[in-house]
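Please model the complete structure; the sequences and the hints are all you need to start from.
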Amino acid sequence: MGIFNYRKPMIMVGLINVIGFVVLLFLNNMDYTVLAYGAAVLLALEIAYFILYRMSMEDQYIFLIVAMLFSVGEIMLFRLDESFGKRQIIWFAISLVCFFAAYFLIIKTNVWEKIGYLYFGAAILLFVVTMLFGKTISGARNWIVIGEFSVQTSEIIKLLVVFMLADRYTHPERYRIFGLSEGVVISALVYTVLGCMVIQREWGTAVVIFLMHISMMYIFNEKKWLMLVNAGLAIVGGGLGALFLPHIKTRIEVWLNPWTDMAGKGYQITQSLFAIGAGGFFGTGIGMGSPEYIPQVHSDFIFSAICEEFGILGGVAVIMLYFILVYRGLRISMNIKDVFYKTLSTGISILIGFQSFIILGGVTKFIPLTGITMPFISYGGSSLLISFIAIGLLEGAANKSHVIREEADSIEEK
Amino acid sequence: MKKSEIDKRSAEYKEGTRFIVVLTLIGFLFLSIVAYLTYLELWGKDAFMDNAFNQRQWEQEEKTLRGEILDRDGEQLAYSAFTEDGSQTRIYPYGSLYCHVIGYNSRIYGKSQLELNYNKNLAGMSGVSTFTLDGDKVGETLHLTISHKLQNRAKELLGKNIGAVVAMEPTTGEVLCLYSYPNFDPSDEALSKNWDTLSADENAPFLSRANRGMYAPGSILKTIWASAAVEKGLSNMQFQDDGKVEVDGKTFTNAHAKAYGEIDLKQAYTVSSNVAFIELGLELGEDLMRNYAKKFLFNEKQDFELYTETSDFGYTGKMSETEIASVSIGQGKVLTTPLHMAMMCATIANRGVMMQPYIVEKSVGSNGIVTVTGRSQIIDRVIEASTAAVIKDYMINVVKSGTGTNAAISGVTVAGKTGTAETGAEQSDHSWFIGFAPAENPTIAVAVVLEHGGSGGGASAAPIAREIIKSWLN
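Protein chains in written order, with my numbering: chain A, 738 to 1151; chain B, 102 to 575.
Be aware that one or more of the hints could be misleading.
Reference excerpt, derived from the structure (chain A facing chain B, CB under 10 Å, subset only) [what the hints assert, rightly or not]:
no.	residue
1	Y955
2	A1012
3	I1013
4	G1016
5	G1048
6	Y1059
7	S1086
8	L1097
9	F1103
Taking CB as the label site, the calculated pair distances span [what the hints assert, rightly or not]:
no.	chain 1	residue 1	chain 2	residue 2	range
10	B	G187	A	G1024	53 to 59 Å
11	A	I827	B	V135	29 to 35 Å
12	A	V759	B	E106	16 to 22 Å
13	B	L143	A	M749	26 to 32 Å
14	B	D108	A	I861	35 to 41 Å
15	A	G975	B	I470	53 to 59 Å
16	A	W996	B	V135	45 to 51 Å
17	A	F1018	B	G187	47 to 53 Å
18	B	Q156	A	G976	35 to 41 Å
19	B	E290	A	G975	22 to 28 Å
20	A	N847	B	D108	25 to 31 Å
21	A	V882	B	N304	46 to 52 Å
22	B	D151	A	G1024	21 to 27 Å
23	B	I470	A	P746	20 to 26 Å
30 Å max Cα-Cα, derived DSBU-like pairs, lysine-lysine [claimed, not checked]:
no.	chain 1	residue 1	chain 2	residue 2
24	B	K250	B	K493
25	B	K493	B	K434
26	B	K294	A	K1002
27	B	K402	B	K434
28	B	K571	B	K261
29	B	K164	B	K294
30	B	K164	B	K351
31	B	K396	B	K434
32	A	K1002	B	K146
33	B	K256	B	K493
34	B	K434	B	K351
35	B	K256	B	K359
36	A	K845	A	K823
37	B	K571	B	K493
38	B	K367	B	K261
39	B	K109	A	K960
40	B	K146	A	K986
Just so you know, these hints were derived from the structure itself, not from any lab.
Predicted model, so just to flag it, every value in this text is computed and none were measured.
Heads up, the beta-carbon is just placed ideally off N, CA and C, and yes, glycines get one too.
The following block contains the structure:
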């Protein structure tokens, strides 16, 4: 049967969903609607894969990895709380549409490298709007509520920064203003956005943006002194923050020793460690553990739930999936000739890499915890949507560059 | 190839290398989490998985009926029962009486004391399977060395006075009584109701004064200096007691400024002459004093089933003469716990050999298998038997004709020593009494402390010790 055996990895994604949802069926007292949701997920994944197979996207593995990550997350969400699982499926459907939309927008239009400072302007505008009309959810004022939907604006801002950086490396002349070099100007812009993130208490996003910025500087051969100044600023800024900002101070204290205040500030991270420890190497099995003791387990802390029920080995599998996702992303980026699309896809790949590292490290107490979502796995519409759009852009950039290259080749041949 | 072409290729090559460097870095970061998780799984998690906040343990424990805790005569001090909804409640029939010994076992507030330290046994998780005949799983039964009779008597005697009573068998180290006031009702219901008040209470009802309260020992510490004097051949020293003595510009006086004239060591100990002991202390010198304090376990970590504060000699560097004088009479920075003072007293009773105090006699599974056995253990020979005999004689004299006559029991030879610890400030002093009986063949050693007892150890603390001893000997 054609649709099931054109690529073997897709069968594995399908198998995970079949196994996962059948187990969920037993956990939910043989409520067969569970299977219907499972079938919906599987069907959506198959259709999406079929479309991109037909369109011969540049790298099908990227979608396969993402499909696997989403499947693991979706099964876990369904197990934690059915209502989260159901809502996430709706977001998944929207995300898939946006994935293709982003893909086609990149390929079919050429405005992206023309609007320059608009990215920065949009980022700042979003920040201001959030500060003015935003809603405070769990200590951070970073949500905009429109009707029934709430949007986490920092997710969008993160993506705008990637575009901003891509624009800087493509059109450095635009950033040579006030007699300053483009490297200094873009750093100033990045730090402005970073400052906004700090004001919103989005420490995680701020760190991710900084790491992306400095990695891009390194890859695309920025002047050494400027990189050193940036690194220095980060160390000084981080040090001052750790000393004087009570929120950062608390986070570091809790990271160093969560055991003294287990009923209070250390509650979440210690509960997370208990969950990870309870799972052992092979996990308790779906539904057999107690990850629900961890507050926010469905969003930031979902990895702990995965570790408890799928074991450390399950957790390691997820980590490896993120790594090969970054690997595929950077491999594509290396081969893109067009500077804008190259820097764009590089930025996206690095973004996903650092974001997943920071939250994986945070919930396992490897590094201090900063609340950001796990791309493709955590519950949350904004995060899922932006992650899928980012992947759509990545694929689009790869294909477009391919198209540009072929056109150039054909012109040369003439 | 043109030069520009070569430059371009070389630039691309370098860029490719930098891509790989960044990829390697991210790979390294991911790998370090994998390594960390592996470490956590293999070694790291042992340190925290049995933490009271890990609610998974409760899931296990809910299925097993928690074991009961009995006193040395089989009296039930704590037990559990299943409630209608299938969960269990922990019942403490004597309310606050054992809160500092047994502690509490609460889903909200965690576990403390023996409920915490012997959790594995009580919860039936020590590895020995414990099933009843009808198939229910039950935890092990903990048998304590505590005598409910004495513990209850201590409560009656102490009443609303802040302080502690400790009693132990000098020859075995079995702790018979470990009572502190103020205390609290450890039941789950009472804890939820009173937690905030209890936490804020400045009298610290959570503090087990018997083993964690740090007090200046006052004159009972003279027992150690008298022992040192005897061992160093100073027992024949004569003192001229004019009721006060000036050391380096500071004046020290006897209680009520009484002058005893020319006295020997035995008389000095009997009447608790500060003047004489300051002279003795200066004669012994700081090295010898520190040495003997250490022998008696000052600044040595206590190895007891309940967390116990370490007594502190108080001085590490070179001591001034006034500091030596202060320590000679148990003042200054020297601090100790009632449990430790009971051990010191028991050492004299046990011919100079200090026994390790213990409170858990054994832990027995429902199938009869004993998993934990408390055993008499010698900590060390602290002083010679002959020295202990001399000090015992002094202590008998204290009760017969000295400051401790209130501890006397007709028909029984009681040995003891009173103490009054100045608390500085405006508050009245702490009262101490240590003692053991019967002096010929001691079966009980007692330490009593009364915070701000005012009237001195002889008047307020000695009668409590007397009643405890009487109750035990009956």
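Status of the hints after comparison with the structure:
| no. | hint | in the structure |
| --- | --- | --- |
| 1 | Y955 | 6 Å, holds |
| 2 | A1012 | 8 Å, holds |
| 3 | I1013 | 7 Å, holds |
| 4 | G1016 | 8 Å, holds |
| 5 | G1048 | 9 Å, holds |
| 6 | Y1059 | 7 Å, holds |
| 7 | S1086 | 9 Å, holds |
| 8 | L1097 | 5 Å, holds |
| 9 | F1103 | 5 Å, holds |
| 10 | B:G187 x A:G1024: 53 to 59 Å | 20 Å, violated |
| 11 | A:I827 x B:V135: 29 to 35 Å | 34 Å, holds |
| 12 | A:V759 x B:E106: 16 to 22 Å | 59 Å, violated |
| 13 | B:L143 x A:M749: 26 to 32 Å | 29 Å, holds |
| 14 | B:D108 x A:I861: 35 to 41 Å | 39 Å, holds |
| 15 | A:G975 x B:I470: 53 to 59 Å | 57 Å, holds |
| 16 | A:W996 x B:V135: 45 to 51 Å | 24 Å, violated |
| 17 | A:F1018 x B:G187: 47 to 53 Å | 32 Å, violated |
| 18 | B:Q156 x A:G976: 35 to 41 Å | 37 Å, holds |
| 19 | B:E290 x A:G975: 22 to 28 Å | 48 Å, violated |
| 20 | A:N847 x B:D108: 25 to 31 Å | 29 Å, holds |
| 21 | A:V882 x B:N304: 46 to 52 Å | 51 Å, holds |
| 22 | B:D151 x A:G1024: 21 to 27 Å | 24 Å, holds |
| 23 | B:I470 x A:P746: 20 to 26 Å | 55 Å, violated |
| 24 | B:K250 x B:K493 | 27 Å, holds |
| 25 | B:K493 x B:K434 | 27 Å, holds |
| 26 | B:K294 x A:K1002 | 23 Å, holds |
| 27 | B:K402 x B:K434 | 18 Å, holds |
| 28 | B:K571 x B:K261 | 21 Å, holds |
| 29 | B:K164 x B:K294 | 26 Å, holds |
| 30 | B:K164 x B:K351 | 66 Å, violated |
| 31 | B:K396 x B:K434 | 18 Å, holds |
| 32 | A:K1002 x B:K146 | 20 Å, holds |
| 33 | B:K256 x B:K493 | 28 Å, holds |
| 34 | B:K434 x B:K351 | 16 Å, holds |
| 35 | B:K256 x B:K359 | 35 Å, violated |
| 36 | A:K845 x A:K823 | 33 Å, violated |
| 37 | B:K571 x B:K493 | 19 Å, holds |
| 38 | B:K367 x B:K261 | 36 Å, violated |
| 39 | B:K109 x A:K960 | 18 Å, holds |
| 40 | B:K146 x A:K986 | 25 Å, holds |
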